[in-house]
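Undergrad: Numbering (this note's numbering), first residue to last: 1 to 192.
Just so you know, the hints here were simulated from the structure itself, not pulled from any lab data.
Here are the simulated DSS-like pairs of lysine-lysine, each with C-alpha atoms no more than 30 Å apart in a straight line:
1) K115 x K154
2) K115 x K159
3) K153 x K93
4) K154 x K51
5) K24 x K13
6) K13 x K159
7) K93 x K159
8) K24 x K51
9) K51 x K110
10) K115 x K13
11) K181 x K154
12) K159 x K32
13) K110 x K13
14) K110 x K154
15) K151 x K115
16) K151 x K93
17) K115 x K32
18) K153 x K51
19) K151 x K51
20) K110 x K33
21) K153 x K115
22) K24 x K159
23) K159 x K51
24) K24 x K115
25) K154 x K93
26) K115 x K33
Small disclaimer: the values here were computed from a predicted structure and weren't measured.
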Amino acid sequence: MLFDNYVEIQDNKIDPEIISKLIKFLNFAHNKKWYREGEIFTNKAKLGLVKEIRNVEVLGLTNMHETLTLSHWANILTYFLSVSIHQYCRNHKDVPEASINDIQALRYEKGGHYKLHVDDGGNAYRRISQILYLNNDYEGGNLIFESNDGKEKKVVEAKAGRIITWPSNFLFRHGIEPITKGVRHSIVSWAV
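Please model the complete structure; the sequences and the hints are all you need to start from.
TA: Next comes the structure, spelled out in structure tokens:
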């Protein structure tokens, strides 16, 4: 069971009060229209907006942002997610150490989804992927992993503060099932 061995789940790594404050900030950022619609990239081209494949709003998080609050959150998240990646690499001796190179906040509203895909390839070189669930007061929106032959499937239950880490390669196709009620907030990061 590839997914059971390499999809690692860590709970309670971030104080719930920090998560609550982050969600308030992300709602503020959404109201200020800082989010953009999620685009699709392939090995050969930028496809742009293709809502049949990916329907999500994205906020890039960087510590080099002109908004100090956004930089502050990027630094906090980089710390927690880096600790998680280092633990993952220690637990999986065949996975080399990696450092985060990209963090994004994702906002899935009703109907939001992301079809099965892999994170490495196209315009992005990625070795390790992560998702941090910020809330679970929504319906639908499960994170699913499915093998290329469709014989193996894993669903990861939403739990606020849960960090899921896995290799970004072609063996770990994953997606987000459609949201049926509420708003799903999460943080995604990738390491190289």
